[in-house]
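*Asks:* Spelled out from the first residue to the last, the chains are:
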Amino acid sequence: GQQLNQSPQSMFIQEGEDVSMNCTSSSIFNTWLWYKQDPGEGPVLLIALYKAGELTSNGRLTAQFGITRKDSFLNISASIPSDVGIYFCAGQLISGTYKYIFGTGTRLKVLA
Amino acid sequence: SAVISQKPSRDICQRGTSLTIQCQVDSQVTMMFWYRQQPGQSLTLIATANQGSEATYESGFVIDKFPISRPNLTFSTLTVSNMSPEDSSIYLCSVSAGIGTYEQYFGPGTRLTVT
Chain E
1 GQQLNQSPQS MFIQEGEDVS MNCTSSSIFN TWLWYKQDPG EGPVLLIALY KAGELTSNGR
61 LTAQFGITRK DSFLNISASI PSDVGIYFCA GQLISGTYKY IFGTGTRLKV LA
Chain A
1 SAVISQKPSR DICQRGTSLT IQCQVDSQVT MMFWYRQQPG QSLTLIATAN QGSEATYESG
61 FVIDKFPISR PNLTFSTLTV SNMSPEDSSI YLCSVSAGIG TYEQYFGPGT RLTVT
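These protein sequence lines map, in sequence, to chains E and A.
The working numbering puts the last residue of the first sequence at 112; the count rises by one with no breaks.
The working numbering puts the last residue of the second sequence at 115; the count rises by one with no breaks.
Just chain A, same shape as in the assembly:
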């Protein structure tokens, strides 16, 4: 499986600011996704990061709040904008290797605390 890294691993931010999280994969992958995991909760899909086009957002998530970029097949960023304490969560990048497989692999996550 692909090796996935995320930066930063954790951060403490003030409300009203923005944080950009990076996801880097060691090989080209077809699909990249961003998930949120609120404290003590399960994982919720935020969006699918599409290479060269706008991300596809799930219900309840909007581009203005969570802008996503994916300039190539190995890299993506998620920005959490105008943060509030409710945005305190773990943000996870995941990838799927390609056609014919629906397995998803996760990065180590970015633990965000908003004060």
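For reference, chain E alone in the conformation it holds in the complex:
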């Protein structure tokens, strides 16, 4: 079946560092969503991307819709301890539908 691979699987970084993570697939997607999930909580939507090449920011977060439509990237600048959590990408399988498949997740740990 279709799969979204997220990289890295987990990472430890120092507070203040920039973070990059990505999602890749062999399939083409029409929309990308990026979420953050804290322990014991539901995922919170961070950024939505709708067009190939689109670059969108939300505070210290910036996400890009890959040109090939098979990948997406999320960057966090100047990380802080509350950035700790699991980040998921989600790709819209079929244009005009609400079906998404979710990436495997990137677990981020920030060292103060």
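It is possible that some hints are incorrect.
With the C-beta cut set under 10 Å, the calculated list includes, among others, these residues of chain A facing chain E [unchecked claim]:
#: 1; residue: Q6
#: 2; residue: G40
#: 3; residue: Q41
#: 4; residue: T48
#: 5; residue: S94
#: 6; residue: E103
#: 7; residue: G107
#: 8; residue: R111
#: 9; residue: L112
The hints are simulated quantities; they were obtained by calculation from the structure and are not laboratory data.
Just so you know, these numbers come straight off a predicted model, no measurement behind them.
Note that beta-carbon positions come from the ideal geometry of N, C-alpha and C, so glycine has one too.
Starting from the structure of chain E, add chain A where the hints point.
*Replies:* Same frame as chain E, now just chain A:
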């Protein structure tokens, strides 16, 4: 975005029993969905809850095991039937606001443990 609540927030159940999870939204939404998140795993779509008609299930999920109701545009229930330890997961309700937007928002989840 809509405010989504789920009940219960967590439960511990015995195998062979059933649990009904409720999802309530503070505004009318077009689409409601149910996801499962197994321990340490990503999210998997169970079904789309259709208002006034039978839910649309994804491959690997069946109505007898996961009956879903959606009586109106703000409420849905998911029942996990005849539970086994393999059903221990977080069950999440999500909504999409409506036509022209494909953003999905999640409830806080229901953490189910089956013993």
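*Asks:* Next step is simple, just say for each hint if it's right about the structure.
*Replies:* Right, here's what the structure says about each hint:
{"no.": "1", "hint": "Q6", "in the structure": "holds (8 Å)"}
{"no.": "2", "hint": "G40", "in the structure": "holds (9 Å)"}
{"no.": "3", "hint": "Q41", "in the structure": "holds (8 Å)"}
{"no.": "4", "hint": "T48", "in the structure": "holds (7 Å)"}
{"no.": "5", "hint": "S94", "in the structure": "holds (8 Å)"}
{"no.": "6", "hint": "E103", "in the structure": "holds (5 Å)"}
{"no.": "7", "hint": "G107", "in the structure": "holds (5 Å)"}
{"no.": "8", "hint": "R111", "in the structure": "holds (7 Å)"}
{"no.": "9", "hint": "L112", "in the structure": "violated (13 Å)"}
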